[in-house]
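Visitor: Working from the sequences, and respecting the hints, build out all of it.
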Amino acid sequence: RKIIFLLEGPLVVINLLTFSFFPFLDAQTRMMFGKKMKDLYFTPKMSRG
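Residue numbers (the numbering used here): 1 to 49.
Calculated from the structure, these hints are not laboratory results. The beta-carbon is built from N, C-alpha and C at its ideal position, and this holds for glycine as well. Check the hints yourself; a few may be wrong.
[To be verified] Each pair of labels, with its calculated beta carbon distance range:
#: 1; residue 1: 23; residue 2: 43; range: 19 to 27 Å
#: 2; residue 1: 37; residue 2: 11; range: 28 to 36 Å
#: 3; residue 1: 35; residue 2: 1; range: 44 to 52 Å
#: 4; residue 1: 1; residue 2: 47; range: 53 to 61 Å
#: 5; residue 1: 2; residue 2: 45; range: 52 to 60 Å
Guide: As structure tokens, then:
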């Protein structure tokens, strides 16, 4: 049980890096170099009746 608690801290850090920091870094570098997303498409907005 203590091993799980000891591993929980580093695993949370790895999880945060993987799912939040790396996509943020990717988006910032794309904007910095002026590259646009290839598969970005817009959908028409629906007006409320």
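Visitor: Determine for every hint whether it applies to the structure shown.
Guide: Hints, one by one, checked against the model:
no. : hint                   : result
1   : 23 with 43: 19 to 27 Å : holds, 22 Å
2   : 37 with 11: 28 to 36 Å : holds, 31 Å
3   : 35 with 1: 44 to 52 Å  : holds, 48 Å
4   : 1 with 47: 53 to 61 Å  : holds, 56 Å
5   : 2 with 45: 52 to 60 Å  : holds, 53 Å
Consistency note: the structure conflicts with none of the earlier hints.
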